[in-house]
Amino acid sequence: MKFTNGYWMIRDGVDALYAREAYELTANETDESLNVLATTSVVRGRYDTLNLPTFNVDVTSPAEGVIRVVARHWQGAAEQPGFPLNADRPGGRDYVTVAAHGNGDGEVGENGADVMLTTGGLTAKVVKGSPWSLSFLDAAGRTLTASSGKSLARFKLSALSNVTAQPVGEFGVTMDGSARDESDVFSAIQLQLGVGEEVYGFGERFGAYVKNGQSIDIWNEDGGTASEQGYKDIPFYMTSNGYGVLVNNRGHVSFEVGSENTEAVQFSVPGETIDFCVIYGPTPKQILDRYTALVGRPANVPAWSYGLWLTTSFTTKYDEATINSFIDGMAERDIPLSAFHYDCYWMREFHWCDFEWDKRFFGDIESTLERLRKDKGLHICAWINPYIGQRGEMFAEGRDKGYLVRKPNGEVWQTDFWQAGMGLVDFTNPDAREWFKGKVKTLLNQGVDAIKTDFGERIPRDVVWHDGSPKLSMHNWYTQLYNQTVFEAVEETYGKGNACLYARSATVGGQQQPVHWGGDCESTFNGMAQTLRAGLSLTSSGFGFWSHDIGGFEGACPDPAVYKRWVAFGLLGSHSRLHGSTVYRVPWLFDEEDERNGVALVPGQTAVDVARKFTRLKLELMPYLFETGLQPHRNGTPVMRSMFVEFPDDLACHTLDRQYMLGPSLLVAPVFTYSGEVSYYLPDGVWTNWLTGEVAQGGSWRTETHAFDSIPLWVRDGSIVVTNPGASKPDRVYGEDAVASVFLNDASIETASATVSETDGSSVVFTARRTGAGIEVSSSDGRAFRARLGSTGDIVAAGDGTVLLG
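Counting in UniProt numbering, the sequence shown runs from 1 upward without gaps.
These are calculated hints, taken from the structure and not from any lab test. All values reported here derive from a predicted model rather than from experimental measurement. Zero decoy hints are in this set.
Quick list of in silico lysine-lysine cross-link-like pairs, DSS-like style, CA-CA up to 25 Å:
#1 Lys613 to Lys729
#2 Lys437 to Lys359
#3 Lys150 to Lys2
#4 Lys2 to Lys156
#5 Lys441 to Lys376
#6 Lys729 to Lys496
#7 Lys407 to Lys437
#8 Lys729 to Lys374
#9 Lys359 to Lys374
#10 Lys439 to Lys374
#11 Lys376 to Lys613
#12 Lys441 to Lys374
#13 Lys471 to Lys401
Starting from the given sequences, assemble the full structure and let the hints guide the process.
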């Protein structure tokens, strides 16, 4: 939200107060805190203290390397709730120091004196006097960012629109041409950006990966993937200068990222208080480590979930015969499936979401699911949402027990948007949560393994919540209570490490309940590219796992070329699902489409061939992927990460959003063209093409043309990638029949290693080192394995836990 009119002026209808002077400074060693009284004009004498608004600023450290700032104008005003933070207890922590330079401990008197709080290499420093100055420094004393001059502010809005000069709504002033009804007061702060400093994150954003120049509203919406809106809006960002920022507010947070002030990131919130944390790295992975430790780490996901998922699609017609034809058709074409998903119409129309199978099509669902699980070896997922249509019996039950959200007059809130007369489950009510959880468990006990938690963004403003939550704080927070409730049901049924969602909406904390997918994307190359940009932004915001609808969701029938390119991209990620809106996404339908259009089917290039190749490639890579998938829970590093996150010291990687790293070793550059032409960047070092064996020196751009059965897939030198060639399912013992592919082309790299973790918690480490006779590869427990140089070299068997490659 913009409040200024250019650099010098304030917009019409806005009155501004700025912190101008740090008037009183206090350093408290016992509480490990700083307190600052900031005045809104410079005080030259006692008379100036009359009629003078102030800010009370508290500076603390909730965890090592994290500094929290809470600035309040009126301390008696209602505050929007923040997120649950895993904060350490203050007092006696050896990683926090508080110092005052001037009068010693306690209140600091003279201008130019300062107080500092230091934790984990990060220091907050406030200097007494004018102008206002709050800076954040690294261990070397380098300024990471700062709030100085006119940066800490309180804005009061008038009752007139600056566009029409006519009354609009309760408060009415508009900063962006639309009416605002949430508050007449906003608190804001600007944190400086350095020259060339790039900004990343904010959750799932479909625009450019680098967010400089963008205006971003943290307000979840069902807006598709070709707009500025997002399903998973996260008030967290990190920058190329070595720090991240979390705005600790569950409600509407508005960011101006070098857009209102080109030299700063501004964030504003309704009300009299602004609360944020600065998180030090300095590397992106270290920032994510500390950030996810603060707000919660992603849970581990079951191994089976990494395999290929197939769905019924959305509005298609299906019954048991149709489903069997898909599942059997994939098996006949040698395309291994791991999971099958029933989308919305497993329930009867107008009854969503009542958890009752439509008996017209699924008469004996328990037997059906048992057959699919036991005979076909599949895991089952079912679609739900938190909206309760009035036609189903759940509506009356929820209404009578007080489990549905109500209007201020006591009536149940209802709408006809989506399902006729639907109500909304009130997840702030513990009894409602248990009620909904019970419905989910009934579904699980019928034979369902995972739940697709759709929607959660369409949350009304003017309603009353059971726990008295401020109404605007629930719009974004609702999805967390919804997904947490369902995740707990799955976890309580199948145990920790075996729970899996397929969620669309999220806020801070949602990363703890994986997996999330990218929403309703267009079935075009543009839709594919914006989907990737969203995934890179989401995984740069603390989310460890991410998926999307392979082939795109919207569109009557995706172009077969788009579908095949998307298949290669989608199967080189953490989770892979074939799903669409009005058309099934089984690959042979796209070959039939090509035939209808007179396109010759070339062996190896058909949709069926491409789906088979990349599905089997992913299964082969499972030892590597499963180990990579344990990292989000251990340290917050996502499975799929941007080039910036993996190579922050390479300036060329800072802006790349059409390629990514799959784990630490594999570089993937999806193809977004009909011609197959793709341009991408290999960072400095030696790289090996996984599919062809070509060895190349990095530090340069490459432009290539790829057939449908190919994609730029490169391995970083100094890696060992352990695979299970010929694997037909994702959940197995990865150390058995393993092949260790060793990449040591750079003579300056002497050793490489790879850990392979098993689903039972055990692990084995494969190590390669140069010797006079060649490259010796060994397993830590002496198990037999096979090894090769590169991904296309001869495979050498080992019977004693050691093999020599030369």
